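Colleague: Single-letter residue listing:
2 protein chains.
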Amino acid sequence: MPRLRAHNIAVSLDGFMAGPDQTLEHPMGVGGMRLHEWAFAARSFGGAGDGLDEAFIQRGDEGVGATVMGRNMFGPVRGPWPDERWTGWWGDEPPYHHAVFVLTHHPRDPLEMQGGTTFYFVTDGLEVALERAFAAADGADVRVGGGADMIRQCLRAGLLDELHLAVAPVLLGRGERLLDDLGDAGAGYTCAELVSSDAVAHVRLVRG
Amino acid sequence: MPRLRAHNIAVSLDGFMAGPDQTLEHPMGVGGMRLHEWAFAARSFGGAGDGLDEAFIQRGDEGVGATVMGRNMFGPVRGPWPDERWTGWWGDEPPYHHAVFVLTHHPRDPLEMQGGTTFYFVTDGLEVALERAFAAADGADVRVGGGADMIRQCLRAGLLDELHLAVAPVLLGRGERLLDDLGDAGAGYTCAELVSSDAVAHVRLVRG
Numbered sequence: 000m001p002r003l004r005a006h007n008i009a010v011s012l013d014g015f016m017a018g019p020d021q022t023l024e025h026p027m028g029v030g031g032m033r034l035h036e037w038a039f040a041a042r043s044f045g046g047a048g049d050g051l052d053e054a055f056i057q058r059g060d061e062g063v064g065a066t067v068m069g070r071n072m073f074g075p076v077r078g079p080w081p082d083e084r085w086t087g088w089w090g091d092e093p094p095y096h097h098a099v100f101v102l103t104h105h106p107r108d109p110l111e112m113q114g115g116t117t118f119y120f121v122t123d124g125l126e127v128a129l130e131r132a133f134a135a136a137d138g139a140d141v142r143v144g145g146g147a148d149m150i151r152q153c154l155r156a157g158l159l160d161e162l163h164l165a166v167a168p169v170l171l172g173r174g175e176r177l178l179d180d181l182g183d184a185g186a187g188y189t190c191a192e193l194v195s196s197d198a199v200a201h202v203r204l205v206r207g
Numbered sequence: 000m001p002r003l004r005a006h007n008i009a010v011s012l013d014g015f016m017a018g019p020d021q022t023l024e025h026p027m028g029v030g031g032m033r034l035h036e037w038a039f040a041a042r043s044f045g046g047a048g049d050g051l052d053e054a055f056i057q058r059g060d061e062g063v064g065a066t067v068m069g070r071n072m073f074g075p076v077r078g079p080w081p082d083e084r085w086t087g088w089w090g091d092e093p094p095y096h097h098a099v100f101v102l103t104h105h106p107r108d109p110l111e112m113q114g115g116t117t118f119y120f121v122t123d124g125l126e127v128a129l130e131r132a133f134a135a136a137d138g139a140d141v142r143v144g145g146g147a148d149m150i151r152q153c154l155r156a157g158l159l160d161e162l163h164l165a166v167a168p169v170l171l172g173r174g175e176r177l178l179d180d181l182g183d184a185g186a187g188y189t190c191a192e193l194v195s196s197d198a199v200a201h202v203r204l205v206r207g
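The listed protein sequences correspond, in order, to chains A and B.
Residue 93 in numbering that gives the first Met the number 0 sits at position 94 of the first sequence, and the numbers go up by one each step.
Residue 157 in numbering that gives the first Met the number 0 sits at position 158 of the second sequence, and the numbers go up by one each step.
These are calculated hints, taken from the structure and not from any lab test.
None of the values given here were measured: they were computed from a predicted structure.
Honestly, I wouldn't trust all of these hints.
[Unchecked claim] Computed spacing ranges between beta-carbons, pair by pair: (1) B/D60 x A/R77: 22 to 28 Å; (2) B/R42 x A/G157: 34 to 40 Å; (3) A/G50 x B/P26: 56 to 62 Å; (4) B/A156 x A/P26: 28 to 34 Å; (5) A/G157 x B/G46: 47 to 53 Å; (6) A/D180 x B/E24: 21 to 27 Å; (7) A/R58 x B/G74: 53 to 59 Å; (8) B/G187 x A/G74: 54 to 60 Å; (9) A/H105 x B/G46: 54 to 60 Å; (10) A/H25 x B/A54: 47 to 53 Å.
Every residue, glycine too, gets a C-beta built ideally from N, C-alpha and C.
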């Protein structure tokens, strides 16, 4: 059975996935880059690191045939799209190389990028976005890219089969909390793997 | 300079230090024991484990001459003490073997236990409790035993020199959150050590 997975989701010790006040200058919110230093030190993100952290980054892509993400992860634009100019944070060739379904309240035509990535804008809710993603993945897994709100929705609804958290050993103090108000949904997950580099603790949670 | 330290503070991935509804039957709150399984598997708490987790448990006692704790950590009694019968969770010989200052709104005579532990009940606030603890420690460090509220107060006020968190790879869903509303105080701490066993990630944060 194809599974719904989230990988390399960086959180602070106090549970924040991004700092406050996301803007073009601060795509991760103010201070939020501290959660991602381990990733930028790894080869996949331009660093030299080729150890545990790099291995976890690569595992996040394995067996994934489509991605779903929230609109705030796609970009800083809020409300109706003023024009077609914003095409994501990732330049002309985003690192997805498959169909990406962006959940939004505001319709927009599909956006075909270089390297096989096409962004589809879904206005019919999470379930429809997931249905379309699993159809596009054609038997492979679907990855939830983020942000915090979408991952939380998937967790609370028991839809997420695997969640790999990268716990950064920092206190952010404020920002957007990832693991909030999970209630009974939290008990449905068990730890399949726990291992640390010097920079980050990797926790792999699976449902059941 | 003597330092104020907290050790082996177990938190869930979603930031809870205890489950909801602390009672005599559930001293850690409902579900809260899942945060402490790693500790009970270690030799100091009656288990067989003698590795990394046991070493961290032992380090928490090294160089400590006195302890401060909140009233809810001392026991489940709320409001004025109805009598002198409650003497803590730890039996006739608590594992402290030094002066322990319990912060409470309700006065009570000092309580001398076997093995060198005496509980003093301080009604003049956190600063006074710390002053008395440092005096009793006589040049050694003071440990903040907990609970969540006292650790949070010390963190927010910038009083805590070292915080060792034991991050258990579980989602509790609800309970008493430890690292909440830290604001700018969070940025004052940096990670001095990050290392994991199979059961828990140890993070040692220091001020500055």
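Colleague: If you check the beta carbons of A/D180 and B/E24, does the distance land in 21 to 27 Å?
Modeller: Check passed, 26 Å falls within 21 to 27 Å.
Colleague: Do the Cβ positions of A/G157 and B/G46 conform to the proposed distance bound of 47 to 53 Å?
Modeller: Once the Cβ atoms are compared, 33 Å apart, the range 47 to 53 Å for B/G46 and A/G157 is violated.
Colleague: Mind checking the hinted window 56 to 62 Å against the Cβ distance between A/G50 and B/P26?
Modeller: 40 Å, violated
Colleague: With 22 to 28 Å as the target window, see if B/D60 and A/R77 comply at their CB atoms.
Modeller: 52 Å, violated
Colleague: Per the hint of 34 to 40 Å, is the separation of the Cβ atoms of B/R42 and A/G157 within bounds?
Modeller: 38 Å, holds
Colleague: Can the suggested window of 47 to 53 Å be confirmed for the beta-carbon pair A/H25 and B/A54?
Modeller: 39 Å, violated
Colleague: With respect to the beta-carbon atoms only, verify the hint that A/H105 and B/G46 lie 54 to 60 Å apart.
Modeller: Holds, at about 55 Å.
Colleague: That 28 to 34 Å hint for B/A156 and A/P26 (C-beta), does it hold up?
Modeller: 33 Å, holds
Colleague: Should the hint that B/G187 and A/G74 are 54 to 60 Å apart at their CB atoms be regarded as holding?
Modeller: At 33 Å between Cβs, range violated.
Colleague: Using the Cβ atoms, figure out if A/R58 sits within 53 to 59 Å of B/G74.
Modeller: 46 Å, violated
Hint compliance for this structure: hints 1, 3, 5, 7, 8, 10 are broken, all remaining hints hold.
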